[in-house]
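Trainee: The opening residue of the sequence shown carries number 147 in our numbering; numbering runs sequentially from there.
Everything labelled a hint here was simulated from the structure, so no lab data went into it. Fair warning: there could be bad hints in the mix.
To be verified - In the DSSO-like style, the derived pairs of lysine-lysine whose C-alpha atoms are separated by at most 27 Å in a straight line are:
id: 1; residue 1: Lys189; residue 2: Lys222
id: 2; residue 1: Lys222; residue 2: Lys211
id: 3; residue 1: Lys205; residue 2: Lys222
id: 4; residue 1: Lys189; residue 2: Lys211
id: 5; residue 1: Lys205; residue 2: Lys233
id: 6; residue 1: Lys222; residue 2: Lys203
id: 7; residue 1: Lys233; residue 2: Lys211
As the list claims (entries may be wrong) - Derived Cβ-Cβ restraints for the label pairs, each shown as a range:
id: 8; residue 1: Gly161; residue 2: Leu248; range: 39 to 49 Å
id: 9; residue 1: Pro160; residue 2: Pro187; range: 34 to 44 Å
id: 10; residue 1: Glu176; residue 2: Gln228; range: 19 to 29 Å
id: 11; residue 1: Ser200; residue 2: Thr260; range: 12 to 22 Å
id: 12; residue 1: Gln159; residue 2: Leu248; range: 21 to 31 Å
Think of the CB as a built atom: it goes at the ideal place given N, C-alpha and C, for glycine as much as any other residue.
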Amino acid sequence: QVQFVESGGGLVQPGGSLRLSCAASGFIFESYVMSWYRQAPGKERDLVAAIATSGIKTKYADSVKGRFTISRDNAKNVVYLQMNSLKPEDTAVYYCYADLGLDDDYWGQGTQVTVSS
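Could you build the full structure based on these sequences and the hints that come with them?
Mentor: So this is what it looks like as structure tokens:
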């Protein structure tokens, strides 16, 4: 079955960096767009970044452009989110996501990122 194992979250001071990882299994990873979403307390889950199958095309939320970088390693079935210049408003649970089509989509378990001094 499809599974995601996320890691890399934690507590970091403003201006710091974290790298999130999402190891996927159970589907042909290289054939699907992969995304990261986040959800802050009391708010909706929003798209942070997405990456096409080849890893060449990417998309970012305006709030993270220039600070976050999404990448993927199709040989290892892993998608990453490098987060630099973190701000308190980046505090949220971050989720890995894949839409395999025909209402067949999957979420990771989430990893908490807290930006605070």
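Trainee: A separate judgement is required for each hint: does it hold in the structure or not?
Mentor: These are the hints, each one checked on the structure:
1. Lys189 - Lys222: violated, 33 Å
2. Lys222 - Lys211: Distance ~26 Å between lysine 222 and lysine 211 Cα, so the pair holds.
3. Lys205 - Lys222: Holds, at about 22 Å.
4. Lys189 - Lys211: Holds. Lysine 189 to lysine 211 sits at ~20 Å (cutoff 27 Å).
5. Lys205 - Lys233: holds, 20 Å
6. Lys222 - Lys203: Given pair lysine 222, lysine 203 holds - Cα atoms ~19 Å apart, limit 27 Å.
7. Lys233 - Lys211: Satisfied, since the Cα-Cα distance of roughly 13 Å is no more than 27 Å.
8. Gly161 - Leu248: 39 to 49 Å: Check passed, 43 Å falls within 39 to 49 Å.
9. Pro160 - Pro187: 34 to 44 Å: violated, 18 Å
10. Glu176 - Gln228: 19 to 29 Å: holds, 20 Å
11. Ser200 - Thr260: 12 to 22 Å: violated, 33 Å
12. Gln159 - Leu248: 21 to 31 Å: violated, 43 Å
The structure is inconsistent with the numbered hints 1, 9, 11 and 12, although it conforms to all the rest.
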